[in-house]
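Colleague: Chain by chain, the residues:
Number of protein chains: 2
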Amino acid sequence: MSLVIVGSVAFDTIRTPWGSRERIVGGSATYCSLAASYFTRPRIVGVVGRDFPRKTLALLKSRGVDLEGLKIKAGKTFHWEGKYEEDTNRRMTVRTELNVFADFRPEVPARYRNSRIVYLANLNPEHHDFVLGQFHKPGLVAMDTIRLWIDTKRETLLRELGRVDIFFANDEEARLITGEINLISAGKALVGLGPSLVLLKKGEHGALVFGRDFVFGVLAHPCEHVIDPTGAGDSFAGGFLGYLDGSPGPAPGEVRRAAVYGSVLASFAIEDFGIGRFLTLDRELVEARFRQFRKLTAF
Amino acid sequence: MSLVIVGSVAFDTIRTPWGSRERIVGGSATYCSLAASYFTRPRIVGVVGRDFPRKTLALLKSRGVDLEGLKIKAGKTFHWEGKYEEDTNRRMTVRTELNVFADFRPEVPARYRNSRIVYLANLNPEHHDFVLGQFHKPGLVAMDTIRLWIDTKRETLLRELGRVDIFFANDEEARLITGEINLISAGKALVGLGPSLVLLKKGEHGALVFGRDFVFGVLAHPCEHVIDPTGAGDSFAGGFLGYLDGSPGPAPGEVRRAAVYGSVLASFAIEDFGIGRFLTLDRELVEARFRQFRKLTAF
Chain A
14 MSLVIVGSVA
24 FDTIRTPWGS
34 RERIVGGSAT
44 YCSLAASYFT
54 RPRIVGVVGR
64 DFPRKTLALL
74 KSRGVDLEGL
84 KIKAGKTFHW
94 EGKYEEDTNR
104 RMTVRTELNV
114 FADFRPEVPA
124 RYRNSRIVYL
134 ANLNPEHHDF
144 VLGQFHKPGL
154 VAMDTIRLWI
164 DTKRETLLRE
174 LGRVDIFFAN
184 DEEARLITGE
194 INLISAGKAL
204 VGLGPSLVLL
214 KKGEHGALVF
224 GRDFVFGVLA
234 HPCEHVIDPT
244 GAGDSFAGGF
254 LGYLDGSPGP
264 APGEVRRAAV
274 YGSVLASFAI
284 EDFGIGRFLT
294 LDRELVEARF
304 RQFRKLTAF
Chain B
14 MSLVIVGSVA
24 FDTIRTPWGS
34 RERIVGGSAT
44 YCSLAASYFT
54 RPRIVGVVGR
64 DFPRKTLALL
74 KSRGVDLEGL
84 KIKAGKTFHW
94 EGKYEEDTNR
104 RMTVRTELNV
114 FADFRPEVPA
124 RYRNSRIVYL
134 ANLNPEHHDF
144 VLGQFHKPGL
154 VAMDTIRLWI
164 DTKRETLLRE
174 LGRVDIFFAN
184 DEEARLITGE
194 INLISAGKAL
204 VGLGPSLVLL
214 KKGEHGALVF
224 GRDFVFGVLA
234 HPCEHVIDPT
244 GAGDSFAGGF
254 LGYLDGSPGP
264 APGEVRRAAV
274 YGSVLASFAI
284 EDFGIGRFLT
294 LDRELVEARF
304 RQFRKLTAF
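Protein chains in written order, with my numbering: chain A, 14 to 312; chain B, 14 to 312.
It should be emphasised that the hints constitute simulated quantities derived from the structure, not laboratory data. Any given hint might turn out to be false.
Calculated lysine to aspartate or glutamate pairs in the EDC-like style (CA-CA distance at most 20 angstroms, straight line) [stated by the list, open to error]:
#1 K166(B) x E139(B)
#2 K96(B) x E110(B)
#3 K201(A) x E237(B)
#4 K96(A) x D285(A)
#5 K68(A) x E81(A)
#6 K215(A) x E237(B)
#7 K86(B) x E120(B)
#8 K308(A) x D226(B)
#9 K201(B) x E99(A)
#10 K215(B) x E185(A)
#11 K150(A) x E120(A)
#12 K215(A) x D184(B)
#13 K201(B) x E284(A)
#14 K201(A) x D100(B)
#15 K308(A) x E267(B)
#16 K201(B) x D100(A)
#17 K215(A) x E185(B)
#18 K89(B) x D64(B)
#19 K68(B) x E81(B)
#20 K215(A) x E193(A)
#21 K308(B) x E267(B)
#22 K308(B) x D226(A)
#23 K96(A) x E284(A)
#24 K215(B) x D184(B)
#25 K201(A) x E284(B)
#26 K215(A) x E284(A)
#27 K215(B) x E237(A)
#28 K96(B) x E284(B)
#29 K215(B) x E237(B)
#30 K215(B) x D184(A)
#31 K84(B) x D64(B)
#32 K215(A) x D100(B)
#33 K215(B) x D100(A)
#34 K201(A) x E99(B)
#35 K86(A) x D64(A)
Model the full assembly from the supplied sequences, consistent with the hints where possible.
Modeller: What follows is the structure, given as structure tokens:
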């Protein structure tokens with residue numbers, strides 16, 4: 014059991030029609046590791062500035078997150094500012110201050126190098142080589158991306174899709190990469206680019222899982238009041254990979270359950286600003302919602 | 014077993030980026046009755062002009078559709094012209110020629126009056142009274158609507174929602190009626206307006222079923238090549254109501270299976286222009302796809 018998450022630990026400023034929060038804790042590795050922590054002991058590779066709250070580091074540790082790979086550097090922590098419309102599927106980036114993240118060269122601690130699953134959370138795809146070169150044959154390599162890399166590093170991104178096992182994308186990203194409007198075509202085209210599993214996230218409409226010879230669909234938890242959608246995708250990845258890390262292998266049934274856990278963890282993430290919801294969440298509540306998902310779709 | 018469908022039998026002219034068809038057979042009652050015909054012997058109340066092909070009437074009869082309530086009047090058949098973008102979720106009405114449908118006063122044959130289920134397919138809500146007054150206490154009354162009535166007959170539509178058991182709406186209609194952007198809120202608000210069951214159709218994302226104390230979700234069949242989305246909603250209603258008409262009653266498990274059959278029939282409707290796909294469809298193919306839906310969502 015070992016899942017390494019390479020990504021951002023950050024501050025987010027969030028503006029929504031029903032409230033705002035200044036410089037609360039966020040970041041892909043933060044959400045992903047918290048979500049995964051209900052199934053395994055995830056390991057983070059990332060960087061923060063000296064301004065990052067020790068309290069949050071203590072919280073992550075208390076949830077079993079291994080922080081040996083998280084560097085604390087002189088300077089300020091990565092800060093993202095985003096704004097949501099009333100239709101929370103629509104997000105606008107207002108500001109991105111990379112700060113100490115700007116020249117982040119992810120160094121993998123020796124102790125992490127035999128890890129079974131490596132997750133590259135929206136890294137610059139040009140850095141994949143450097144990161145993956147530090148691991149001894151991980152069993153599964155997963156990646157996510159962001160629109161920035163699709164627009165500016167398209168060739169490198171396509172090359173990297175050829176070497177990973179699992180790819181997470183939202184509907185917009187899947188369409189931009191493949192040029193397909195139909196999401197079934199887009200998902201199949203992504204599998205054709207390399208990954209044996211593609212997780213296509215559709216926000217309130219759930220997610221589709223594409224494999225070499227199957228399609229599986231998972232709904233979103235019916236949520237009436239989305240407070241803050243930030244981190245939903247990373248929490249999905251954390252639930253998915255965390256569950257897989259605790260299971261014997263990516264057999265079809267395990268992949269299906271992992272996708273449902275992904276949707277379960279994403280559904281908790283959006284119920285409060287930032288990582289707020291994870292402060293009171295326990296495995297029992299996760300399992301209870303997993304059972305609700307069965308009732309939601311069983312016929 | 015008796016389902017009466019009150020709606021249009023029409024000609025459609027369809028334009029899509031991958032092909033067009035002039036004056037092919039369509040209409041809400043046509044799609045709905047064909048979809049329902051795999052489960053029951055649906056009865057149509059409607060009107061066509063003398064230009065309507067006898068061949069299609071013979072086809073409907075051969076599928077077990079009862080046409081006693083379909084009037085053939087001097088004049089031309091209702092003709093709708095629509096255009097789809099490459100994103101087939103977006104439809105534009107180019108032209109509507111009501112013709113004989115303009116002063117259609119739906120008269121219910123005596124033999125239909127004890128029917129168990131009555132479906133009012135996008136009728137002018139001001140005509141509901143006249144139609145429903147001709148039935149002897151139907152067990153279930155279902156209705157659909159269109160944007161035109163939401164925009165022009167809002168008060169009457171809201172009143173009618175208070176007297177029906179089942180309401181079919183797509184996402185746009187649900188939002189327009191309730192003012193809620195979040196679809197879970199919109200679905201619950203619609204139940205609050207009267208119907209004990211609301212079927213909220215989301216195109217490629219499937220459908221949500223709202224009851225007084227439950228939410229159920231059904232996916233869409235993963236379809237890569239949507240040829241013609243016209244009639245998908247009416248086929249959904251036909252599969253749903255047809256299955257319910259053949260079952261003992263709207264118990265929760267039956268409603269869930271009915272919704273899946275609705276999604277199954279809608280998925281066939283979009284695979285060809287007009288009612289083309291129904292020409293070769295049989296119950297065995299319907300059941301095979303129903304089983305595929307289980308594999309699509311089981312975990």
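Colleague: Evaluate each hint against the coordinates.
Modeller: Now the hints, each set against the structure:
As the CA atoms of K166(B) and E139(B) are separated by approximately 8 angstroms, the hinted pair is consistent with the 20 angstroms bound. A C-alpha spacing of about 15 angstroms is found between K96(B) and E110(B), which places the hinted pair at or below 20 angstroms, so the restraint holds. With a C-alpha separation of about 9 angstroms, the suggested pair K201(A) and E237(B) falls inside the 20 angstroms cut-off, and the hint holds. For the hint pairing K96(A) with D285(A), the CA-to-CA distance comes to about 15 angstroms; that is within 20 angstroms, so the pair holds.
Distance hint between K68(A) and E81(A) is fulfilled; the C-alpha atoms sit about 16 angstroms from each other, no more than 20 angstroms. With a C-alpha separation of about 17 angstroms, the suggested pair K215(A) and E237(B) falls inside the 20 angstroms cut-off, and the hint holds. As the CA atoms of K86(B) and E120(B) are separated by approximately 13 angstroms, the hinted pair is consistent with the 20 angstroms bound. Straight-line distance between C-alpha atoms of K308(A) and D226(B) comes to about 12 angstroms, which keeps the hinted pair within the 20 angstroms bound.
Between K201(B) and E99(A) the alpha-carbon distance is near 18 angstroms, which keeps this suggested pair within the 20 angstroms criterion. About 18 angstroms separates the Cα atoms of K215(B) and E185(A), which keeps this hinted pair within 20 angstroms; it holds. With a CA separation close to 16 angstroms, the supplied pair K150(A) and E120(A) stays within the 20 angstroms bound. Among the hinted pairs, K215(A) with D184(B) is consistent with the structure: their alpha-carbon atoms are about 15 angstroms apart, no more than 20 angstroms.
Annotation: proposed proximity of K201(B) to E284(A) holds, straight-line Cα distance about 19 angstroms (limit 20 angstroms). For the proposed pair K201(A) and D100(B), the alpha carbon gap of about 18 angstroms is at most 20 angstroms, so the pair holds. At most 20 angstroms may separate the alpha-carbon atoms for a hinted pair to count; K308(A) and E267(B) meet this at roughly 14 angstroms. Among the hinted pairs, K201(B) with D100(A) is consistent with the structure: their alpha-carbon atoms are about 18 angstroms apart, no more than 20 angstroms.
Under the criterion of a C-alpha separation no larger than 20 angstroms, the hint pairing K215(A) with E185(B) is consistent with the structure, at around 18 angstroms. Among the hinted pairs, K89(B) with D64(B) is consistent with the structure: their alpha-carbon atoms are about 6 angstroms apart, no more than 20 angstroms. Our distance criterion of 20 angstroms between C-alpha atoms is met by K68(B) and E81(B), whose separation comes to about 16 angstroms. Taking the CA atoms of K215(A) and E193(A), the gap is near 15 angstroms; set against the 20 angstroms cutoff, the hint holds.
A distance of roughly 19 angstroms separates the Cα atoms of K308(B) and E267(B); the hinted pair therefore holds under the 20 angstroms criterion. The straight-line distance between the Cα atoms of K308(B) and D226(A) is roughly 12 angstroms, inside the 20 angstroms bound, and the hint therefore holds. Proposed proximity of K96(A) and E284(A) is supported: the alpha carbons are some 17 angstroms apart, at most 20 angstroms. With a CA separation close to 6 angstroms, the supplied pair K215(B) and D184(B) stays within the 20 angstroms bound.
A distance of roughly 19 angstroms separates the Cα atoms of K201(A) and E284(B); the hinted pair therefore holds under the 20 angstroms criterion. For the hint pairing K215(A) with E284(A), the CA-to-CA distance comes to about 17 angstroms; that is within 20 angstroms, so the pair holds. Proposed proximity of K215(B) and E237(A) is supported: the alpha carbons are some 17 angstroms apart, at most 20 angstroms. In summary, the hint linking K96(B) to E284(B) is supported, as the alpha carbons are separated by about 17 angstroms, within the 20 angstroms threshold.
In summary, the hint linking K215(B) to E237(B) is supported, as the alpha carbons are separated by about 16 angstroms, within the 20 angstroms threshold. Distance hint between K215(B) and D184(A) is fulfilled; the C-alpha atoms sit about 15 angstroms from each other, no more than 20 angstroms. Only pairs whose Cα atoms come within 20 angstroms are accepted, and K84(B) paired with D64(B) is accepted, the gap being roughly 13 angstroms. Proposed proximity of K215(A) and D100(B) is supported: the alpha carbons are some 16 angstroms apart, at most 20 angstroms.
Proximity of K215(B) to D100(A) is assessed by CA-CA distance (about 16 angstroms); at most 20 angstroms being required, the pair is judged to hold. The hinted pair formed by K201(A) and E99(B) meets the criterion: a straight-line CA distance of about 18 angstroms does not exceed 20 angstroms. Between K86(A) and D64(A), the direct Cα distance comes to roughly 9 angstroms. Compliance with the 20 angstroms bound is thereby established for this hinted pair.
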